[in-house]
Amino acid sequence: MATRKLTIRLPEEDIDFAKNYAAAHGMTMTELIDRYLKSLQTRHKGPLADEIVRFSGIIPADIDGRREY
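Quick note: the sequence shown uses my numbering, first residue 1193, plus one each step.
The hints are simulated quantities; they were obtained by calculation from the structure and are not laboratory data. Treat the hints with care, since some could be wrong.
Distance condition first, Cα-Cα at most 25 Å in a straight line; then the derived DSS-like pairs of lysine-lysine [unchecked claim]:
(1) 1197 x 1230
(2) 1211 x 1197
(3) 1211 x 1230
Let the hints inform the model, and build the full structure from the sequences given.
Have a look at this one:
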């Protein structure tokens, strides 16, 4: 995979947090950002299927699906 360098500007406290988080989890900053972007890609695969949209909202919000199962 080809890579490119990217410069971004973030608040210092965000950069410090990211560096500490990456180090604590044995990652580089590049790996941390790459993993996060990949997680966004897998979560957003496009519009929901019509069947899913039709079923949205059928179950009341106050129902605990795990408990009911």
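Here is how each hint holds up against the structure:
Using a Cα cut-off of 25 Å, the hinted pair residue 1197 and residue 1230 holds, with the two alpha carbons roughly 17 Å apart. As the CA atoms of residue 1211 and residue 1197 are separated by approximately 18 Å, the hinted pair is consistent with the 25 Å bound. Simply put, residue 1211 and residue 1230 have alpha-carbon atoms about 19 Å apart, close enough for the 25 Å limit, and the pair holds.
Checked against the numbered hints listed earlier, the structure breaks none of them; every hint is satisfied.
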